[in-house]
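K.L.:
Each chain, written out:
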Amino acid sequence: MAASATIARPRSDPTPAFPVAPPTHRRRTEAGLLVLAGLVTASAGLLATLGATHSVSRSYEEMLGAIVLLPFLAHLANRRLAPEADPVLLPVVSLLNGLGWVMIARLDHAVHSDYAPRQVLWTALGIVVYIVTLAVLRRPRDLERHRYLWALGGVGLLLLPLVPHLGEDINGARLWIRLGPITFQPVEVAKIALVVFFASIFVEKRELLSHATARLRNHRVPDPRPFGPILLAWGFSMLAMVAERNVGFALLIFVIFLSMLWMATGRVSYLGVGALLFVAGAFVGNFLFAQVHERITIWLNPWPYAQTIGYQVIQAEYAFGTGGIAGTGLGLGHPGFIPIVQSDFIFAAFGEELGLFGTTLLVVAFALLVGSGLRVALRARSDFSKLLAAGLITVLGFQAFFIMAGVVRLLPLTGLTLPFVAYGGSSLAANYLLIALVVRVSDEGERAALRQGRSPRPARRSSP
Amino acid sequence: MDRQIRWIGLVLLVCFGLLFLQLNNLQVLQAKKLANAPGNPRVVAVALDQPRGIIQTADGVVVAESKPTHDIYGQLRVYPDGPLYADVTGYDSILYGLTGVEATYNTYLRSHSAPVRSFASLFQNRTITDTVTLTISSTLQELAAKELGSMHGAAVVLDPATGATLAMYSSPTYNPNLLASHDIALERKTWTSLLADPSQPLLPRAYAERYPPGSTFKIITASAVYDYDPSLATKVYPKLTALKLPQTTTLLHNYGGERCGGQLPVLFQVSCDTGFGQIGLDLGPGNLAAEANAFGFNSVPPIDLTGAAPSYFPPPASFLKDLPGLAYSAIGQQNVAASTLQMALAGAAIADHGVIMTPHVMASIRTSLGQPVETYKPHPWRRAVPATTASSVTSLMLGVTQPGGTAPNVAIPGVEVAAKTGTAQHGTANTNDDWLVAFAPAQDPVAVVAVSVNNQPASTTGSSTAGPIARALLEAALASTAGHQPTGSTSTSTTTGSGSNTTSTTTGSGPTGPSTGGAGTTTTPSTGGGGSTTTTTTTGATTGGTTSTTTGTAATPSAATASATPAAASAATATATASATADTTAALLPGGSPALSNAGTATRSPSGQPVTGGQASWRPPGPTWSGSERAPPQGADTVPASGRTTGFDPPRWGPP
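Those protein sequences? They're chains G and F, same order as listed.
Once you know that position 16 of the first sequence is 15 in numbering that gives the first Met the number 0, the rest is easy, because the numbers rise by one and skip nothing.
Once you know that position 464 of the second sequence is 463 in numbering that gives the first Met the number 0, the rest is easy, because the numbers rise by one and skip nothing.
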């Protein structure tokens, strides 16, 4: 613990290397990858506006410039605040964010909306959240202290939309709160708070959860006592979800709860019980909730409902088919036929205009993000950090998978946003916060490794 | 814990792998099927989100243009004077496709890539549309609509020297804006109600519907006299009130029980039915059918519009056991049916020294940037009659507007107007189709007018109903041509009913006679209408001995385009006619052979017509869905009507 003061680099620490330190090897890699991602974003942006409008407007240039350059601010913050963090996370995020913005701006032209400037603002907000998170949170274990505060905060955020006059119904789901002109989707932040809570409590009660300590007749079963708070938090989440009619996040929270429990304990029986619970929940939901029933119906066969409830899914399929392998070209397709294409169904717009190449690129980018995040978890310094990073990146990965799978009709539609790609301020800000936490864990882990001499990097660092 | 993390990574990798497989399924295996699915709106939208070119009249009035919209299609086709020009422009409908100029010149109107003219142009926006300039004059078109008013009928004004259509209007008409609407429900409703309307407003009756031409057909019968048996031109026909027909006891009565007879000019001037009935019998079925075919009957007029219908004259064989039918056909009754355009073309044949120029509505095409693309080159469709015949028939037609003729009210002071009236009984209903075909100035025509007014009371005649319309159009056409300004008063006395015997025969079953009294003892021809509807289109012109196949272009006189003063025109007439008559070897082309219209490349086939009926099942979404706040799609016609407001749980998209 004595070393933690130097590792955490408190603001007052007058380490001479700190303000003028040359970029570490990782930061140089990150800068190079960021330039690469920026080049891809910039060229895609130019092609998209040329394809859609045959022109590049001044304001478009400015917005595109902002989207390409904003991640470099995060990179500068990394240099100062997390110099040893993983160099792949930020570039992949900036690529997803950039391509998402390009498509949103292009869709603005198709459906005459005005989302692109706001998405630039949301991106800036996300970067600010990222930097502030890194600046404020110097040690991941600081999060552990206020464990029940996180649980309370997560559940509170989940329940917030149910407060009269504050919550808003949009498309039948009560997910939003409105504060003056700003609408906000608290569930995106709640998922992070819950992961933090799960990570802290699962790590602490790991022994209890992993080893059977109670006896039920002849069988040894886990002590039921530590399950109390867990089930309470989970039950609250589920209830909130049912009340808000948001199946997507209920599923997501449930899956992350289950995977984190399993990661912490390694007990397959939890997965079995969870799977049973899930099947039962889906079965009951199918009967109790029209929305669930509807989603399952159009997942199995949307064609009889082509003009009604299946319209959106079928339009998405047309978009994928029209795109084919190479796509129609950015700005040259008709993604505007898909309702709500900027948020939930933006993946279909990529399918139409960039084809299989574009969709594969997105899938690979998410796989890369998940891979990097899990590597961070493997190299984390403490169990809490490990579980935290793994949980956060698993949430992100499953969220991306669920919505993409829903759009291509691999799974029923879940109504989640595609992280970093889809339009939305809450989603962007929350996911930047999520990545900042992973980056923080990564920096901590790498520095601990450096200190223990596991890595050959110190030589490089000391060179002028 | 690391083991589990690796497992989670593997699980997610498998998930993404499944995603990749499903993407391959959609974007490779099923791609073609999905991309071309009948419900895929992209099939149609490709054509709809780009602007289409402007269609404008000869005098620059825009009649069709594209306006940017803020719905999903991006471009709305707008017809500023929709109903007025509907017959010509046609419509551009999502559900019902393209018609009219929209269809024939679609390859020009739709957005297409301009050819690369320079290296620099490679980097410019080369997506252009072309502007189609019509031959239609907005003043004449408006006048035609005003003159026809609420009467059902059609008016066609042609420039006989070029075939240019100066005006073409049908009444009733429709509003193409409603069919071009992006509101699919409105489009479908409009379509249904237009089809249900018994007056058939959707039908461009000027060129797509046929009516018995009545006595205007005597232009063709008279031409046949000069072409096949000139001796009949000097034969004196007895003065009769009714002609006894062979093979039957039926009598062919003159209109209103008039008594008439004499030589061809007199018969033509007063439109003597008994005389022309006998002439038809004297000519024989082969000659009359050959002449009708030479004038373009039984052929589709090669006008650059969609849906032009061929006019009908029965094949000669059908008259072998129906000689009364031949007499009736000679006066444009029984089964003879002609479109207004066809009768205008018949007039144009006489006006243009026997040659029918290909009728057309396109004058020129330019790119939206102003570069010329194409200019219509007038070319003949067919030679109807030798120039000598045309000249002789012109003289006959001049008599009609003289005092004593059937249409002195069409005369224009200071201008020689050649005309022919027609009053045809239409079917069994006791109503008339009133016709008038006229051109002026007779020796140097600038315009030929054909007017048909349908379903008029039996008391009306061609001159009383169609005459004022034709005269007004002729005057306006003359006025628009320098030097032909009429000087006299424009009194339109329509009191020519007395003293003139226009045709009136009953062709249907039932003993109802014309309500005009007089000859109340009219009986119907026993064979009328029966059995003579065989549609074997024989090339009747085989009997025409003059088969010198000189190309019609050589025979096309270059006269009539110059705008000479009436005096100069009449002075020049002698030489002009002389030079034309020297050309007596001009061919009578077999009917139905469009040999002279080989230059028809101007009328490109409309490739890429976007939709046919097969697309009708597709319903595009509502105006805008941009974000989660928008309403879900409400099927205009597939969702129950109540779904729009209550009772229908709207589909929920994934909440963002």
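Wrong hints could be hidden among the right ones.
Under 8 Å between C-beta atoms, here's a sample of chain F residues computed to sit facing chain G [to be verified]: (1) GLN3; (2) GLY8; (3) VAL13; (4) PHE19; (5) GLN26; (6) GLY38; (7) LYS66; (8) HIS69; (9) LEU193; (10) LEU194; (11) SER198; (12) LEU368; (13) VAL372; (14) LYS376; (15) GLY403.
What the hints contain is simulated information worked out from the structure, not anything from laboratory work.
Ideal Cβ positions, reconstructed from N, Cα and C, are used throughout, including at glycine.
K.L.:
The structure should be examined with respect to each hint, and the outcome stated for every one.
P.N.:
Status of each hint after checking the structure:
no.: 1; hint: GLN3; verdict: holds, 4 Å
no.: 2; hint: GLY8; verdict: holds, 5 Å
no.: 3; hint: VAL13; verdict: violated, 10 Å
no.: 4; hint: PHE19; verdict: holds, 6 Å
no.: 5; hint: GLN26; verdict: holds, 4 Å
no.: 6; hint: GLY38; verdict: holds, 6 Å
no.: 7; hint: LYS66; verdict: violated, 14 Å
no.: 8; hint: HIS69; verdict: holds, 5 Å
no.: 9; hint: LEU193; verdict: violated, 25 Å
no.: 10; hint: LEU194; verdict: violated, 24 Å
no.: 11; hint: SER198; verdict: violated, 34 Å
no.: 12; hint: LEU368; verdict: violated, 15 Å
no.: 13; hint: VAL372; verdict: violated, 21 Å
no.: 14; hint: LYS376; verdict: violated, 35 Å
no.: 15; hint: GLY403; verdict: violated, 69 Å
Hints 3, 7, 9, 10, 11, 12, 13, 14 and 15, counting from the list given before, are not met by this structure.
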